[in-house]
Structures are given as C-alpha cells and as structure tokens.
Amino acid sequence: MAALTDLTIAEARAGLSKKEFSARDLAEAHIAAVAESRQLNAYLVETPERALEMAKRSDEKLARGQGGALEGMPLAIKDLFCTEGIQTTAGSRILGGFKPPYESTVTAKLWQAGAVMLGKVNMDEFAMGSSNTTSAYGAVENPWRRRGDNRPLVPGGSSGGSAAAVAARTALGATGTDTGGSIRQPASFAGIVGIKPTYGRCSRWGIVAFASSLDQAGPMTRSVRDAAIMLGAMAGHDPKDSTSAPLPVPDFEAALTGDIRGMKIGIPREYRIDGMSAEIEQLWQQGISWLKAAGAEPVDISLKMTKYALPAYYIIAPAEASSNLARYDGVRFGLRVPGESLDEMYEATRAAGFGAEVKRRILIGTYVLSAGYYDAYYLKAQKLRALIAGDFAEAFKTVDAILAPTAPSAAFAIGENSDDPIAMYLNDVFTVPVNLAGLPGISVPAGLSGEGLPLGLQVIGRAFDEATVLKVGDVIERSAGFTHRPQFMAGGRA
Amino acid sequence: MALDKATVARIATLARIKVPESDLERLAGELSGILTWIEQLNEVSTDGVEPMASVAEMTLPMREDKVTDGGSPEKILANAPQQALGFFLVPKVVE
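Each protein sequence line maps, in turn, to chains W and S.
In terms of my numbering, the first sequence opens at residue 1 and continues consecutively.
In terms of my numbering, the second sequence opens at residue 1 and continues consecutively.
If you're looking for bench data, these hints aren't it; they were derived computationally from the structure.
For each residue, glycine too, the CB sits at the ideal point set by N, CA and C.
A few of these clues could be false.
Some chain S residues flagged as far from chain W (calculated, every beta-carbon gap over 12 angstroms) [claimed, not checked]:
#1 25
#2 65
#3 67
#4 85
One-sided excerpt, in silico: chain W residues whose CB lies under 7 angstroms from chain S [claimed, not checked]:
#5 21
#6 96
#7 362
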C-alpha cells in the first residue's frame with residue numbers, strides 16, 4: 001500500500017471505511033510530514049494536538065458509522081481563513097498574533113464534515129501576489145525544481161503555502177482563495193488541482209477580505225475527484241454572507257462520469273497572446289485533442305475584451321482593497337505603533353504593518369477612488385468589467401465550457417519577476433477575466449515544461465456549473481495521466 | 001498619468017500610511033508606471049455601458065431587524081493592543 005501521505009482523499013476515504021488504517025494513523029503520518037517539510041516554509045502555524053483531537057473524534061464517529069464527507073481527512077488551511085483561537089495573519093505583519101474569536105463559515109463546514117486541521121499555511125500578504133514572496137513571514141519554496149537546476153522556485157500565489165503543502169504530500173488537501181488566479185496559478189505551478197468556484201458558491205464570511213466582489217474560496221487537491229469531494233463540503237448558502245447564493249449544492253462527485261460526448265468546448269482566440277511560449281501553446285493543442293478524442297467538439301470563440309481584463313482588475317481590486325484594509329488601524333486588533341495623535345498612530349501602524357506590494361495597491365486604490373479620478377478610472381474599469389462578463393455570456397450561448405492555459409509560464413525562481421510589478425501581474429492574464437465575470441474555473445496538471453516543471457490547463461464554465469467544469473477537468477486528468485512527482489516530498493524519495 | 005511626489009504624498013495621507021520623503025520619488029515612478037499601463041482601457045469606447053459592481057445577480061436579502069449576536073465584550077477586546085474597563089484605548093483625540 002502507498003504511504004498514507006501519498007493517498008488521494010478518495011483513496012483515504014476508502015481505506016478508512018475498510019478499516020485498513022484509522023483517522024489517527026492518517027493524522028500522525030501527516031503531522032510527521034508537516035514537521036519534515038519545514039524547509040518549504042509552507043506552514044505558519046502547526047496544530048498537531050488539534051489534529052490528533054479531531055482524528056480521535058473522527059475515529060469515534062467512523063466506529064458508529066457516522067462519518068461525514070471528509071471524515072478524518074487531514075487538511076491545511078490558508079492563513080486567510082479565520083480559525084477560532086488559532087493565529088490568523090493573512091501573511092501580514094499587521095495581523096501578527098491575531099487570534100480570531102470566531103471561525104470562518106468554510107472552515108466550520110469542513111470541520112462539520114469531519115476534516116482534521118494540520119495548521120495554517122503561508123500566503124502572499126493579504127492574498128496580493130502571484131509568487132508567495134510578498135508574505136511577511138518569508139517566501140514559500142515550491143517542492144518542484146527545474147531539471148538540472150537546484151535554485152528554489154516559487155509555488156505561485158497567493159495560495160502558495162496551500163499548493164506547496166499539497167504537492168509535497170504534507171496534507172491531503174488545502175483551502176485556497178482566488179481573487180485573480182490565486183488558486184489556479186499556484187495549482188498549475190505545483191502540479192496539483194485547484195478550482196475557483198462561482199462567485200457566491202462558498203461563503204466569504206470569516207475570510208480576511210481583499211477584493212470583496214472577486215474573492216472566492218475553493219479546494220486545492222491532488223485529483224479532480226478530491227476537488228469535487230472537498231468543494232461539496234465547503235459550498236452552500238450562508239445567511240452571514242449576503243452575496244452567498246441561496247442555491248442547493250449538487251453532488252459534484254457524481255458529475256465525474258468521463259462522458260463529454262457532444263459537448264461544445266470554446267477555444268478563445270484572444271488567449272493566444274503575444275510572446276506566449278511554444279510549450280504552452282503545444283499543451284493547449286494537446287488538451288484540445290484529448291477533449292476531441294473523448295467526443296467533444298472544439299469551437300473557436302472570441303472573448304474580445306481579454307487584453308483589458310488585467311488593467312481593469314488592477315483598478316477594481318486595489319480600489320476594493322484600499323477600502324477593506326482601512327480597518328487595520330491599530331485600535332481593535334493587530335499591530336499598533338504608538339503616535340502622538342490618533343492620525344499619527346494610524347499612519348505609523350500602517351507604515352510598519354503593511355509590506356511594499358500591499359502599500360502599492362492601497363495607494364493605487366485610494367488614488368482611483370479619490371475625487372476627480374473616480375469616473376476616469378474606477379467607473380471606466382467597472383464598464384470594462386461589464387463588457388468582459390458580456391463576452392463570456394455570449395460565448396456560453398454556444399459552448400458548454402472553455403479550455404485555456406492556466407498561466408503563461410511554469411514556476412519561476414524566487415526573486416525573478418520581482419523588479420517590475422506589471423511583469424508579476426501578467427501571471428494572471430488567463431485567470432483574471434474569470435474572476436471579473438464571477439465564473440468557475442479549474443486548473444488541472446496536464447504536462448511538464450521543457451525544464452521538467454508542471455503546467456496546468458484551465459477549464460472555465462457557466463455560473464454555478466462547477467459540475468461541468470469538474471467533469472471536463474476529470475477527462476483532462478484521465479487523458480493526461482499526470483503521474484510526475486516533485487523533487488521534494490515528505491516521506492522522502494521522489 | 002505621471003504622478004508627482006506631492007500627489008503621492010497626498011494619497012498616502014488619504015490612505016493613512018506614513019511614507020518617508022526619501023521613498024516618494026520611487027513610489028511616484030512605480031505608481032505612474034502602473035497607471036500608464038492601466039490607461040490602455042481608454043482605447044475601448046464604453047459609451048452607454050452600465051458599470052458592473054458585482055456579478056451576484058440577486059437583490060440583497062433583508063432579514064428581520066433583531067439582535068442576533070453580541071454580549072461578548074471580552075471576546076471583542078481580546079485582541080486589542082490596549083484596553084481598559086471594557087473599552088479600546090487610543091491616544092487622546094479631544095483637547
């Protein structure tokens with residue numbers, strides 16, 4: 001039998017039900033794996049006692065035949081989710097030592113379903129970044145390395161700790177959040193699966209806010225089936241989030257039939273961007289052939305506003321962030337730097353508490369919302385957002401799903417792309433439009449780059465049609481047969 | 001749009017972030033670069049387009065106007081940098 005840390009959630013579920021091992025065995029194996037992987041800097045807080053306690057309860061429930069959908073499954077939680085009594089920093093110095101007095105809805109639902117908490121994982125500060133290098137608690141290392149090159153690589157971001165933790169076999173799955181690609185891009189960089197659900201599918205209550213009209217939580221796992229299982233437990237209406245959709249949660253796992261015959265798959269011509277590498281184009285073509293071979297019909301579509309999605313996003317997201325982050329003022333929680341007056345205290349606290357990228361975005365957001373510039377920037381961006389969403393709506397009149405690359409490149413080295421903020425922003429060129437339109441999108445590992453690094457393909461679906469997104473993602477996973485493993489794995493030996 | 005140092009200083013004050021004089025030049029350059037890149041949006045005519053604030057196609061739900069939470073001042077104060085007698089403490093704001 002495979003090591004307990006190398007199982008998928010579905011395999012671990014089967015093993016528990018056949019009593020091949022206990023939830024305690026699973027928890028212990030993963031606690032050891034977490035400790036063994038500290039060099040990656042993925043975990044900010046380890047909660048082994050909590051994990052053992054939860055595993056004990058899971059074993060008791062399983063013995064009574066009462067296990068939930070994730071009973072006994074050890075998970076890592078992105079440090080953006082408030083966890084009652086356990087430090088939650090959002091990767092920022094300004095929230096250092098903050099212990100929320102409440103639990104986020106999504107994590108509460110995971111514990112309700114029987115999941116076991118291993119700890120809180122690292123991320124870009126306030127989820128602003130594509131490399132996990134903006135964290136106040138240090139960069140995270142990708143468990144993958146380029147062939148013949150031992151330089152540490154970024155795991156992507158902002159859910160970089162989640163991606164590294166899952167890829168390195170220290171957790172069976174992890175929560176992520178995705179405002180402009182923060183689940184899908186790190187999933188692609190780390191060779192795992194990540195789905196950003198439709199805006200409104202998972203409650204945002206208790207998740208530290210970045211850009212409220214774009215933020216959405218989702219699972220990061222080592223298989224599409226695992227993503228379906230975990231999403232089922234995370235999703236659902238929550239009266240505490242007024243944008244949470246009052247819709248029933250379908251059985252996502254049941255959608256994985258492998259049957260996509262007759263489905264129309266849109267191939268957006270504007271995603272063929274200038275300077276895109278040949279291997280990304282090749283992977284995309286390979287994906288199209290797989291879906292064709294499975295009986296689907298590729299359809300050429302046009303999403304003509306694609307090139308404007310990134311600049312529109314870099315008005316809307318910073319504008320919302322500048323407003324959301326106004327709450328960090330040194331009064332009620334988090335860091336305080338004393339000052340002579342209240343204003344001086346605010347200014348000193350925020351200067352010391354926020355990192356460079358967060359400050360940059362707050363300043364941009366403040367500027368585009370300031371008197372005299374609101375119409376020229378913010379309103380203009382909201383109009384572009386309407387056009388971008390309109391492009392997708394038009395396309396979905398004829399197609400059932402859209403296939404595109406997840407990111408324009410494979411993982412890069414820590415320190416690369418760090419001089420020019422716009423070069424870093426371009427990582428999200430294929431993912432940001434999906435957030436602006438509020439649609440579901442999944443990244444599935446589909447192949448390796450010439451340097452031996454994982455590359456993902458993205459499937460985008462209609463609003464609240466995660467079932468189709470998962471179904472098509474599952475076909476890509478089956479066709480790709482991606483069995484490559486990172487150079488670093490807990491438990492040793494790649 | 002090129003921002004000058006005075007404009008960056010004004011935005012920083014609005015955002016309540018202390019920026020030392022020595023950083024203004026660099027920040028003005030970075031922010032100007034981002035704004036210039038953003039301005040490609042002006043290539044697109046958006047006359048008559050309704051701005052989109054949210055993708056959630058629903059009217060915000062109303063609930064009964066009653067207290068559903070509260071009565072836990074110690075929880076609320078637990079993370080306060082400074083507190084006394086059940087209140088948050090801040091520097092003096094009234095002369």
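Hints and how they fare:
1. 25: 14 angstroms, holds
2. 65: 14 angstroms, holds
3. 67: Given that every Cβ of chain W is farther than 12 angstroms from that of residue 67 of chain S, nearest at about 15 angstroms, it holds.
4. 85: Consistent with the label, residue 85 of chain S stays out of reach of chain W, its closest Cβ about 16 angstroms off (over 12 angstroms).
5. 21: 38 angstroms, violated
6. 96: 11 angstroms, violated
7. 362: Given a least distance of 5 angstroms, the restraint on residue 362 of chain W holds.
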